[in-house]
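Sequential numbering from 8 applies to the sequence shown in the numbering used here.
Hint data in this document are derived by calculation from the structure and do not stem from the laboratory. Mixed in with the good hints there might be a few duds.
[Stated by the list, open to error] DSSO-like cross-link-like pairs, simulated, lysine-lysine; straight-line CA separation at most 27 Å:
{"hint": "1", "residue 1": "LYS230", "residue 2": "LYS185"}
{"hint": "2", "residue 1": "LYS604", "residue 2": "LYS474"}
{"hint": "3", "residue 1": "LYS230", "residue 2": "LYS189"}
{"hint": "4", "residue 1": "LYS566", "residue 2": "LYS299"}
{"hint": "5", "residue 1": "LYS481", "residue 2": "LYS230"}
{"hint": "6", "residue 1": "LYS189", "residue 2": "LYS604"}
{"hint": "7", "residue 1": "LYS189", "residue 2": "LYS474"}
None of the values given here were measured: they were computed from a predicted structure.
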Amino acid sequence: MCGIAGYFLPTGARAPAPSERPAVLERMAHLIAHRGPDGQGIWLSECAGFAHRRLAVIDPRPEADQPMIHNETGLCVTFNGEIYNHLTLRADLQAAGFTFRTRCDTEVLLAAYAVWGETMIERLEGMFAFAIYDPRDGTLFLARDRAGEKPLLFAEANDGAFLFGSELKALLAWPNFKPRPKLGAVNCFLAMQYVAGPGTIFDGVEHLPPAHHMRINRAGQRKISRYWSAPRAGEMTRRPIMEYVGPLRETHRAAVGRQLMSDVPLGIFLSGGLDSSSIVAAASENGVRHPKSYTIGFLDDSIDERTAAREVADFFNTDHTERLAAGPFRETIERIAWHTDQPFSDPAVVPTYMLSELASRHVKVALSGDGGDEILLGYPRYIGAHVTSRLEVLPARLRWLIAVTGNLLPVGESRVRFLRYVRRLLIEANKGEAQRYADWTMVFGEEDRRSLYVGEMASVAAGDCLKQIADHLKMGQSAIERAAQFDFSIYLPDDLLYKTDLMSMAHGLEVRCPFLDRELVELSMRIPVTRRMPALETKWLLRAAYDSDLPRRILTRGKQGLSVPLAEWMAGDMREIVEDCLSEESVRRRGLFDPAKVGEMLRHTLAGSHDYKYRVWALMWLELWFRNWVDGDGLARGESSTQPVVR
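Let's have the full structure, built from the sequences with the hints guiding it.
Okay, here's the thing in structure tokens:
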């Protein structure tokens, strides 16, 4: 796991003088130094330059440092990630006559490209983002893994240079690159708490989408191609449900086994939920004794998972460590805001940062349960998607009456989880599929955003993000499948994996996600929805697969998620930074939102109300992002810092 960045100069690009380019690469590397505390490498040619920060996991010797060059062809690679089947590929390449000088997967990746060209991407099993300069035809080749575990951003600078990097901040280090923020992306962020790809918050900066590769030639022509697609549900023959359990269990165990590969200490993020607990169980089956496990906890018993995590840790005799997520928070929030170089307000970002910091004290690699909900249908909203889609057959008048009935339910009583869920189902009965999904997931509704906007934001079409959701809700035969496909292709890479990558790499920690193993993804997604979620029971197959191998209470727990006591935090330990970001003076100076409306939401939240907590939280993070990456404070702070902190 590493940090990568670099440039490619098409013919006619007005780049910095050759003598200035090493300093530019040094600057790019410094801004992502936290991703690789074990070393730095710079490589330049006439038309390309790579910067690399290394986190040494496989073959930590200097011989495996990057950028790495293939002597026979002159190919050069900078690579972030892990290739889990690199030993198998190594054997194939040795049979073809290739000789290796290291034990690392980077050299295997480079040799695979030298022998098989870009088709080698289909042979790779792992998480990866990499760039290869090919002097044989003067092209740059970029690729990203299937699920989007590893980020890869690119842009064209004002001087015509093509830039790429693991993090957006590395691109901003280019001297002739001053992108403008997109207000439409701000609108999307306020709706969804993240910026959905492939675009970003800046004009002209994009993500290479998951499961895609790109080639750019000296004329500046780009070709982006998809090399893999998630399978459709139901492609497997509809069989008795128990016939799916064994194959799922074995594939899951093998996926975890592949991702235990490491030359450095490895641990597991353990929440006590089904996903992370099954990873501990599978690690035990793969021969790991006393694995290190890590848990974050809260003072609020209703969301604290430490008791469940301890039960799993005791059951498998793990070397368990936990931490309480508590204030003071200002320094933590400011550090997180610097690392998230796009607006991002998923509340789980704070405990993920703290959990990563805790694990990084002991290990360099950790396994996480990300992806399990998307492939094995773990979100309660999938039940809502199914139920409300069935109501579509009713006459419009009747659906309207059902929605009115939902609105008549007392709001106070709806604070009880079940009643709140029923109330929402009834209200959603008279809406279209995209609007229903948006209502289940959005922070700011369309009307709320429209009434908030002033100045330049007033011209933004608040409903654009709903169209984006509708455009993606076209795959799949059922409402559940369509929602899950959206989550896998948008929510997972642009929220969950983005958060996990940035927060773990902020501490030089590599996180791997066994549920996103290709074989496990393909097997799970081919199983009919009615078999993955029989009788609308979420994640039924995984529970059945580990029925005799996990404590009963873990198997029967409802989905918790990484929740945080948001209203209490903002009214307490976080009050100072919330008031600073959303003061009337600050809001007026930014000129995008109505100060009176922001002030009203802020007053309620600081008084301990839950009504506007997610909206205030999102507005706070947006202001912090503007201060860092538009006002310029973040770039200056990153360039002047003494990072990384070397263990």
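Verification of the supplied hints:
About 25 Å separates the Cα atoms of LYS230 and LYS185, which keeps this hinted pair within 27 Å; it holds. Taking the CA atoms of LYS604 and LYS474, the gap is near 26 Å; set against the 27 Å cutoff, the hint holds. For the suggested pair LYS230 and LYS189, the alpha carbons sit about 25 Å apart, so the restraint of at most 27 Å is met. For a cut-off of 27 Å, the pair hint linking LYS566 to LYS299 stands: about 24 Å separates their Cα positions.
Pair hint LYS481 plus LYS230 holds up; C-alpha atoms about 25 Å apart against a cutoff of 27 Å. Annotation: proposed proximity of LYS189 to LYS604 holds, straight-line Cα distance about 23 Å (limit 27 Å). Straight-line distance between C-alpha atoms of LYS189 and LYS474 comes to about 17 Å, which keeps the hinted pair within the 27 Å bound.
Of the numbered hints given earlier, the model fails none.
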